[in-house]
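Enquirer: Heads up: the sequence lines are chains A and B, in that order. Counting with this note's numbering, you get residues 1364 to 1792 for the letters of the first sequence. Counting with this note's numbering, you get residues 88 to 235 for the letters of the second sequence.
It is possible that part of the hints are untrue.
To be verified - Simulated coverage check for chain A against chain B, where a stretch passes if three residues somewhere in it have a Cβ under 8 Å from a Cβ of chain B:
#, stretch
1, 1430 to 1436
2, 1496 to 1509
Unchecked claim - So, partial list: chain B residues that the calculated Cβ filter (under 8 Å) puts toward chain A:
#, residue
3, L96
4, S100
5, G109
6, L111
7, M187
8, G190
9, K214
10, G216
11, A225
12, L228
Treat the hints as calculated values from the structure; they're not laboratory data. C-beta: ideal position from N, C-alpha, C; glycine also.
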Amino acid sequence: MKYLSAKQILTIPTFITLSLWLLSKKGIMDVFDDPLRSLSQIFSLIGLIYMMISLILSTRRRFIEDGIGGLDKVYEMHHIVGSLSFVLLINHPLLLAIKALPQAALVSQYLLIGNYLPYNLGVVSLYIMVLAFIFMVFVRLPYHIWLKTHQLLGFAGIIGSVHALLITSDISSYFPLRLWMIVWIFFGSTSFLYIFFYYKWIASVYVYEISKIERLLDVVNISAKPTKRKIPFVPGQFAYVGFKDINLGGEQHPFSFSSSPLEDEVRFSIKMLGDYTVKLPLLRKGTKMFLKGPYGKFGDVYIKGKRPLVWIVGGIGVTPFLSMLRNEQQLIEDRAIILFYCFSNPEEGMFSDEIKQLTENKKTIEVHEWCSTQRGRFSVPKIIEILEKYDKYDVQICGPGPMMESLKQQFEEVGVDSERILFEKFQIL
Amino acid sequence: MMKKYLRQLTQISIINFFFIIGLLFYIQKNTPLSTSLLRVSPPQVKLSTTIISPTPQPSNTNALSPTLPSKNNLFTELSTHNSKSDCWIGVGGHIYDVTMYFGSHPGGDGVILKYCGTDATTPFQSKDGIGADHSASAYDLLRHYLIQ
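Chain B on its own, in the form it takes in the complex (with noise of 0.2 Å):
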């Protein structure tokens, strides 16, 4: 009777597995590319380790984001953006809303929160202190949060 039961689950599971899969691609094909955040090839980020200034000089903005548009100056908005429902982190320059990325770190929210509203370049850069860099896949799915 157990087997019979465990044979439904399986199959129930592996129907579930491919219905996901299938909402995924039905996503992807009815959102629009900037909302669902697939397929975005998002500006390169460059690797640096610029300090981000509280108040950033105005003559240093194209410097940081060259390949972004700069009528918005976010940097200053940056600490504002502090808390688990509004997320911004400065990593490498750059500023990232991880606000939608809470949930999904392997390593939990909070090693995300406790950075929130500052430049985690540091923190990033050493996986919050154990010493080694996040891969470079890391930052590729960090480039789909960039919004500076």
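Excised from the complex, chain A in its bound form (with noise of 0.2 Å):
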């Protein structure tokens, strides 16, 4: 299926702020008398609106999902739209402090704090996206201070955008600009609010109680029974997980299902990678969890599609086949599925056992486990024979960023068509 790309969202209304731009001046020789104010100019406008498209893309509604493929996607495309926009954004008063200089006074209304209201709001927003841009691309924060520094951004739209509406300029002394600008403001700003206060205070959720917490290594599987209503996921879905402990604080992260929608409990299997996971064993029975979702289009082709599979695990990545393989239901028959389990070393591989036993009755699935230590690394090349008794399949993956990367592009090698390879990635918001 075909999903919007970043570039296929950001040229329509692109080109739109161009031409209203471009409308808003008296003639070509006001945008070339001075080509510095002109491209300060373009850059605010643009930068605006893809700021507005990034607050819009990150409100985890389902028509944005469906219409990029999966909120992985989404998360994806809102960091590379929120980034384009801070360029262009944090450049636009740098190109006007360029043209002003020498002139102190002028460069520091533009840079400085002074008397002047509407520029005011325009450094005060200036200066919140570079501290927050300094935490993401200079300065590693743990990730419950990080997601704070963030989400001052969405309040830097805001005042951005009052910025914008206040100052005279082309947006003050040209309608339809002004009208179109407002629109995405208004957009852009509501979803800010909406996920600010509404989707963490507000929107509903499914209330868990843990039932079972097992170690295995640095994996920790969580159990947990529903207390009122179960939360409906389709296999290789992931929920925002949130746990009522004074350890974790209220902190949601998103972890895939390891369990299958038909059984009665779910079931996460976390790897301790951070701050945060390292925490989760001194979870004990009985605290409550909280669930918000479900999300993800990763399980989409093993539920509607029709084509062999080809499913390429990495470590802990493994959670969502576990979920799909233990999903009776949906495995057909007669559908091939060809599973490669790939760990760094014997230890790594503790879903081997679960693997084994799920799929020791079907005849059409085979599982090939790859220890990296003994077999090295894991390749398209390495299991070509295997792939070559198939005319055309799917290819899952999941796993580690680079790993995917590597073996999406060794696949277009080998002549599969990019839209056939889906990813499930672990590092979204």
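Put the two chains together into one complex, using the hints given.
Expert: The following block contains the structure:
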């Protein structure tokens, strides 16, 4: 299925914004008379539109996920569009400042707090953005602190929008451009307020209670039963999970289900990788667990597709595949599945037994374990003989980011259409 | 690959930002206040609507600019400074040399250019006929360009 790319989403708004900006000018000389100022104006308008798009993308709404192909892809796009907007918006006052040099009074008007409120709003917005992006590209903070700095960007967007609407500019002097910007600002600001206040505090959650916690080396299996209603997920999906626990605070993190929707309880298999997940073993039976979602479209090809499937699993990326394997209903007897379970040493292949148990009676499922310390790094050329028995197949990969990127490229090299290579990326908000 | 370049672009933009801020402080420190125009405390401008006469009466000079030296009467010159490269405007009974402000007005140069060499009190107080006066902060900014 074709999904929208960042390029497709940005092209039309960019074109309309540029056209309206040009129409706001008295003539072409008005554009070229002062190129730096013109460029600065273009940067501010497009940067603001991109920021609003980025805020809209962060709402986790189902229709956005459906259009882009999964929440992990949505957040990847949010990241790209947000970064583009920052580059454009920070360069908006910088270009004006460079143009004003060496007049310190004018430069300071663009970069320092002064007496003129509309300019000050722009300056405040700029500083918030710079601060937040420093913690994205230069300094690594603990997730819960980083998240707070990241959320500041929404406030920066709203303050910057007020600045754009208050100053005397092309926006104020040309009504169609003003209307266009107001519409984007409305949807962007509403999106931010929705995700910051409504989604976090008011939106519906599925309440579960932990029934079992077991730790296998650096992986924690958490099973929980619903207190009222079950979360309606399909195999391959994930949910935002939070706990009522003093050690873990109120944070919500995305984890894939490793259980089947048909089971009474849900199970999450989580690798202890960061400052949050290392505290998971401190959870106790009976602790309340809150789920939001479900999200993700990784399992769609498994549920709706008919072609043979090639599953490539790296380490803890096994979780969505466990959910799919456990979902007996979906395991059509004649659906061929080749599963490559990759891990760096035998201890890491801790789900081998479970996979064997789930697949021992399924004749159409082939399982290949790949321990890289014994067999070398996993690569497509090494398994090409196994793959050649199928004319056309879909590929699902879930594992570390560099592994997925590398394998995608290798599959494309052997003629697999990129649309048939599906990922599940963990590194989302 | 794109994400890598975007990250680098973001880093460069942040570095540029701090470079320009540093440059600003350097200029402030090393430029005489009168030319840098920063932290200058210009005389308070009375927001009167005195109409500037093309040939001002000598007896009124002090009333128009009570805090300024009266050795020059620049009102007689006002109409001759009427170009983008040499633009004076009259506002509220004072004269401002706004030549250096070209390129910085959010509404574009055109709105200033047409009033170069004239009394722009009414257009200034109505934002070129839109109806609303400029803010107090805009008046503060204008003070930086006060010459009489």
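Enquirer: Next step is simple, just say for each hint if it's right about the structure.
Expert: Status of the hints after comparison with the structure:
1. 1430 to 1436: violated (count 0)
2. 1496 to 1509: holds (count 5)
3. L96: Check passed: Cβ of L96 (chain B) comes within 5 Å of chain A, closer than 8 Å.
4. S100: holds, 5 Å
5. G109: violated, 11 Å
6. L111: holds, 5 Å
7. M187: Hint on M187 (chain B): holds, closest Cβ of chain A at ~6 Å, below 8 Å.
8. G190: holds, 5 Å
9. K214: Because about 7 Å separates K214 (chain B) from the closest Cβ in chain A, which is inside the 8 Å limit, the hint holds.
10. G216: violated, 12 Å
11. A225: Given a least distance of 6 Å, the restraint on A225 (chain B) holds.
12. L228: At about 6 Å, which falls below the 8 Å cut-off, the nearest Cβ of chain A leaves the hint on L228 (chain B) intact, so it holds.
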